[in-house]
Amino acid sequence: MASIDSAETGFSTDLPPEIAAEERRAPGSGPWRIALRRLRRNKVALVFGVVFVLLVALSLSAPLYAKHIAHTTPYKNRIADTITVHGQQKNIVDFDGTPIGPTWTKQYFLGADRNGRDVMVRLLYGGRTSLLIGFGASLITLVLATFFGLMAGFFGGWIDAIISRCFDVMWAFPVILLGVALGVSLNLGGITVGPLSLKGGSLWIPTIIIGISYVVYLGRPIRGQVLQLREKEFIEAARAQGLGPWRIMFSELLPNLASTLLVFFPLIVANAVLLEAALSFLGAGVQPPEPSWGVMISEGVDLLTTAPWLTIAPGLMLVLTVLSLNIFGEGVRDALDPRAKIRMEH
Amino acid sequence: MSKIRRAIAALMLVAVSALVLAACGSDNSSTTSTSAGTSASSTSSGDTPTTSTGGTTGGTMTGYLTSSPDYMDPALSYTQEGWLLLWTAYTPLLTYKHAEGAAGSELIPGLAEALPDISADRKTYKLKLRSGLKYSDGTPVKASDFEHTIQRVLNLESGGTAFYLPIVGTEAYVKNAKPDADIPGIVTDDQTGEITIKLTKPVGSFANVLAMDFAGLVPGNTPFKNMTTDPPPGVGPYMVTRSVPNRGITLKKNPAFASFDIPEIPTGNMDQIDITINKNQHQQVEDVIQNKVDFVNDPPPSDLVREVNEKAKGRYAPYVTNSTYYVFLNNRVAPFDNEKVRQAVNYAIDKRALQRIFGGLLAPSCNFLPPGMKGYVKHDPCPYGDPTQAPDTAKAKQLIQESGAAGADVTVWGDDEALSKPVTEYVASVMSDIGLKATPKIVEGSVYFQTVGNQKTKAQAGFANWFQDFPHPANFMFLINGKSIQNTNNQNFGNVDDPEINKLIDDADANPDLDAVADQYAKADRLAIDHGYIAPYGNAELTKLVSDKIDWSSVIAQPVYNVDLTQIRFK
Amino acid sequence: MTEPILVIDHLKVDFQTDEGTVHAVDDVSLSLAPGEVLAIVGESGSGKSVTAMSLLGLNRGPNARFTGTAMYKGTELLSASNDDLRKIRGAEIAMIFQDPMTSLNPVQRIGDQIAEQILAHEKLSKAQVRDRVVELMERVGIPRAAERARSYPHEFSGGMRQRVMIALALSCSPNVLIADEPTTALDVTIQAQILERIKDLKEETGTAIILVTHDLGVVADIADRIAVMYGGRIVEQGTVDEIFYDPQHPYTWGLLGSITRVDRPRGERLPSIAGLPPSLLDPPAGCHFRARCPHEFPKCLEVPPLEDRGCGHADRCWLTVEEKRAKREVRPGEIGLANKEEVAPV
Amino acid sequence: MGRFIVRRIIGMILVMFAVSILTFLIFQVIPNGDPAVRMAGKNSTPTQIAAIRDTWHFNDPIYEQYVYTMKQVFTGSLISYSDQTNVWQEIKKGLPRTFALGIGAAIIWMVLGVSLGLYSAVRSGGFSDRLLTVLALIGVSMPVFWVGALMSYYLGYKFGWFPNGGYTEIAQGGFGQWIYHLILPWTALAILFVGVYSRILRSNILDTINDDYVRTARAKGISERQVLIRHVLRNSLIPIITLWGLDFGLVIGGGAVLTESVFNLQGVGQYFAEAIGRLDVPPVLEVTILGAFFIVLLNTVVDIVYALLDPRIRLGS
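Chains as they are written, first to last, in this note's numbering: chain A, 1 to 346; chain B, 1 to 571; chain C, 1 to 346; chain D, 1 to 317.
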């Protein structure tokens, strides 16, 4: 985003290759330092990075807000009660089911939902859930994709063949359909695999589903990169030294993948947060009473006519979070590897 | 999946619950001989219009359904949408009066000449087909078509199968799976039009079963398969001329019907009724308000109720249905095996709050039987306080403390339909407020009832509702009869098993004379409430909502089939 | 001496980058007579390619700044409008680029690429253009030209592609041909063939040539005059004989000592000169070669002028002629000749 | 080329085979309730359930059930559990709608994505570029169901500028009505992709513009416009076109679930969503296989088109 980086500034302004090479050779600047320097110069990316950190901090402070400011919990229903707003007695939920709108006071700052719960409190708790799943899923993606990408790229042969075919199959699977099918089934009865047992409704279910859904999007580029790296001299050297394949994979190849992983990570988190929302919207993600932004939107849409804030508020939070991750992520990409092509689906 | 089905939600409430369990009636056969029609015959037959008085006949009416009828085949259909439409085209031997309110619960002869003759042992029903009846394709109606109709229900594994299993030989027929095998319990004579049905045990509500649309007569050559896309001919004021699942249905007036002269069945006003499936309820409401469509089946979504009240004055009205919404409390599982805990929940539930969740379309109640049902006697005063007033939370907390169940973990089950979900979350919140530790658990609507109806689930508490299959208290009371408890597919979710209640219900169920046993049902209802076996909170309301072009006085909410399409007409 | 066809006067080229200003070309003055072959020789990053590209405005852009003049037949190239330049490009001054593998559009047929240039300057019928393309391709020695005009670049070998580039450059019979490292990316045997071809064409057409290269070896046989560039400046210029037999600048000595030989790996680095070329981002004060020069002395902190020592032989070094003679180790000329012998038989 | 296509088709079949097994297994392995009980309804008897099990082959070993089901899938005779309609007939009803949505949106996002990307690249670094970049990223960051719901509500319901959801067939309401009904869904679905495409095209152009052959083209003396169109854009568009094929496949193959549901278009995606809401396995299975088919098919088409557009790609290798 709006990077003033040479690769982004446009028309034939790039330095002639020889000079660009020159610049890279400048003493005392490793690739990481250069990247950091570039990122630091990218003010917009940094601003949105800070926005994201603030959103995370806000979400983490949800229990404090609920306890000390709003004096409620994200689950507490107050349907037939009334509250006093600016001296006026008001129904939290009206007789025809219309919840109270934003009061801009400590209680029901953003109004109530149809169950008379404090939307602001749920918004913060929902952010916690959404971000938790986003990060959790991205970590799963990262670990699995790296592992399988490394295995496939490094060993080649039948291992590669099997993993690549699996990637093909996952690639052919519409992510949403897969996610919804798994989400619905798993939420119903949970699943037990060996010692691991997941209860229906557990947050792990959407986390794992989303994590797995994106493996192929990262696994393929990693495999490609490993295929290239495998031919490099330093790997030959490591082989010659008699290092085992696992050593080579994890101590030689992995560090070289770090920049790719770093570039992908924020963008995967952004997409994971969106996919969580989509699954929850379809009822295949986070299960009630746990709030998440997707759950809140899906509950809000029912009352769009009379209580639009129920839909708009979580949606805006979602957009802001994903946007800040995207912008920051692009900044990281521009700083580390401006030519990385990233393709995600949501 | 609540989201996707958000649109269909309100209606699904009706649809999902328009199910009944086999009346595994009682075994004790008494020998009273009564006509099922005793109660009915006393009412006048002149107050139902069969021809229009004022307004116009003819024209094409358009209407919206939110979800497609499950089937457009009388043998199979088991949803409100299906019955709404099929009732106009497939008349059973017996049927209900085309009237609003309690009057509409009255059984009348349909294709039969009169209400059945019931033998002294209450196990043999004799009927006689009217003469000169023809299907809409011109085929004459024969008495043996009745057996074929029932064979189709049984052979197609219809949801209605269980209602007909009291007929002798049906169990074996189902097991054989041979469509053409004879059902020994049904004897017909095509010459005389006589139909004799033998039951294995007395079933007091069997006349109602005969009036269900499963038994709407179809020709004897109707194939043994789902005929949704090509509905068979029937006998009724209308005939189905187009049926495209998930798109729409067209009903055309059956020109031959008027000549049959069945006094209490209207011959239809509209020439044609075009039904479109429209999953967008906002659009439905918008269109009906702007008179782009004449009839909307589903109640407006709760966020539009306010708008409809304002903009559709004089052509919108809610009406209470024969349904009950309640929270089941599993009497076999802690903490609800303790009466104090159950009563505490009854004390704590704020029925006004639930009414708001329903967007106002709930009539708070303290009874299990709905007000429109025979045997309903209002619990006055209600042991847990006036259902339209604030709950007694303090008392509830106190009871929980006394019971020693404070802090007990409770999972409150609910399905993901539009109302069930917030209701379940509310109930969990209320239970937490009075000292339990409750969390809601929402599962797919399609598997909800089989999940909580499985004893292995040990569902402690949860959302439940019941819409009548037919207007007979037996159709409600089996839900709290200890005899109907099963290991799987249980409908008595709370495992209510009180010998006194069981006896009252069993005795009443065997008697075809409903008036004689109505107070027994009332007593059972009262007992169930006093012990807190269940926590009912109200009766759902459906709505009548039509365009300006429709003559409002012709919009009749029939208690079994809802808006009666045969009477509706333009101004 | 005939009137020069191209005169470059005090050319300076600066690029703005994130890291600061890169002084790519610093005060370069050159002239080119009709039919003359001028070689510009230097390491990568010496500014030789930038000089060449500046003439056609190929490195214009918001971040580039040009000062000085470059007069071609009464047109000042540096300040000429894009439209004016366009008329000169290809028609009057044509250019051959370094890497034939990437300099041709991979998705366009060879013939079309040549035709495109012809059509840009001349109104000809399709058939005429086709004939001209085939004739050009034959002239640069591409067999079965008519058929191969329909091929794509990837179907050609590197040498063949460079022939295509030459055909492309000659297609409008330009007065000046700029060949930017035309042989660097090629095998040594092919290099000789291409050089041979350029030499033949020069004799046939009388085109003046600016040959940009880092390899003194390739110019000995073809160039009339040589300009040696280092760190953006011309450090020495003169006739071929002067440079080979009487090199004045210590950098030229180094270059002469590192002429490409068949038995050495090809590459841009000059192994015989220790150290790295200067950073043009932050060039050292004084003589740019100072840091690598074995004969550095305090005076070198001042920028030496390009001093003409007669007969057009000029150099930028504070050493006196005598000192230079004494310090020159390599017997000039010998290596150049040796190289020529090795290449010749091919 | 012929061999390449044959190989790709074999690959397609294998992938789809795997997809079908996987989908089948998801619903076999994960407990999701007994379909027989579900079908029998609330008031069923054991006899009835047994009869259903028999009719629907639920008692057969899994692999036989799989073969049986697949046979039905490919003969178009698969029947839904919940309403016993023919699944293929239902899908056939939804396909034109899904296609209408997908094609319209794909054209919009391609046209807008390319023009905005091109504009952004040409104005690279300038104010309008940055503005477009921010807008593109906002577009990429908005969940389609949220935008769709808001659009449908505000533009369709509240202001009444557009129809509030629904689909009109051309035969029924004419071309104008058809477009009128689809504008909002097209826009909602296209927003994301416009953002993605303009960003990718912009960066492709900025990469390409520094390529050697563009410099060569410029040195030929052709106009900047020609350089841009014939060389830069043509080469930058190749990956975009292939991406377009893939994304179109994804949208047709199930990616439009949310859009269809929000706008009530009753296409295949919405059919899927409703089926899964009822845990109605046959439609879910068939739609997933069909979706995978479209995705794999378009992948293959894209590969072939790519080879045609870029002669460097050698087919068969």
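If you are wondering where the hints come from, they were derived from the structure by calculation, not from laboratory data. Be aware that a few hints might be false.
Here's a subset of chain A near chain B, in silico, CB distances under 7 angstroms, partners left out [as the list claims (entries may be wrong)]:
#: 1; residue: His71
#: 2; residue: Thr72
#: 3; residue: Tyr75
#: 4; residue: Phe95
#: 5; residue: Leu188
Only pairs whose alpha carbons sit at most 20 angstroms apart, straight line, appear in this in silico PhoX-like list of lysine-lysine [what the hints assert, rightly or not]:
#: 6; chain 1: B; residue 1: Lys456; chain 2: A; residue 2: Lys199
#: 7; chain 1: A; residue 1: Lys67; chain 2: B; residue 2: Lys437
#: 8; chain 1: A; residue 1: Lys106; chain 2: A; residue 2: Lys90
#: 9; chain 1: D; residue 1: Lys71; chain 2: B; residue 2: Lys311
#: 10; chain 1: B; residue 1: Lys313; chain 2: B; residue 2: Lys549
#: 11; chain 1: B; residue 1: Lys458; chain 2: B; residue 2: Lys374
#: 12; chain 1: B; residue 1: Lys458; chain 2: A; residue 2: Lys199
Bear in mind the structure is a predicted one, so any value in this text is a computation, not a measurement. Every residue gets a Cβ at the ideal spot worked out from N, C-alpha and C, and that includes glycine.
Next item in the hint list is A:Thr72. Is there a CB on chain B closer than 7 angstroms to its CB? At 11 angstroms from the nearest chain B Cβ, A:Thr72 fails the 7 angstroms test, so the hint is violated.
Would you mind confirming whether the straight-line C-alpha gap from B:Lys458 to A:Lys199 stays at or under 20 angstroms? 15 angstroms, holds
Take the C-alpha atoms of D:Lys71 and B:Lys311, compute the straight-line distance between them, and say whether it is at most 20 angstroms. Roughly 54 angstroms between the alpha carbons, so the hint for D:Lys71 and B:Lys311 is violated.
Measure nothing beyond the straight line between the CA atoms of B:Lys313 and B:Lys549; if it is 20 angstroms or shorter, mark the hint as holding. At roughly 13 angstroms apart (the allowed maximum being 20 angstroms), B:Lys549 and B:Lys313 satisfy the hint.
Interface hint check: A:Phe95, Cβ to nearest Cβ on chain B, cutoff 7 angstroms. Holds or violated? Since the shortest Cβ distance to chain B is 6 angstroms, the answer is holds.
Take a quick look at whether B:Lys458 and B:Lys374 sit within 20 angstroms of each other, Cα to Cα. 33 angstroms, violated
Minimum Cβ distance from A:His71 to chain B below 7 angstroms? Hint on A:His71: violated, closest Cβ of chain B at ~14 angstroms, above 7 angstroms.
Does A:Lys106 pair with A:Lys90 here, judged by a C-alpha cut-off of 20 angstroms? 15 angstroms, holds
Given the hinted pair A:Lys67 and B:Lys437, is their Cα-Cα distance within 20 angstroms? Judged against 20 angstroms, a Cα distance of about 19 angstroms means the pair holds.
Please work out if B:Lys456 and A:Lys199 have their alpha carbons no farther apart than 20 angstroms. The given pair, whose Cα atoms are some 15 angstroms apart, holds under the 20 angstroms limit.
Hint check: 7 angstroms Cβ-Cβ cutoff, A:Leu188 to chain B: Hint on A:Leu188: holds, closest Cβ of chain B at ~6 angstroms, below 7 angstroms.
Interface hint for A:Tyr75, Cβ within 7 angstroms of any Cβ on chain B: This interface hint holds because 6 angstroms falls under the 7 angstroms limit.
Violation of the numbered hints given earlier is confined to hints 1, 2, 9 and 11; the remaining hints are satisfied by the structure.
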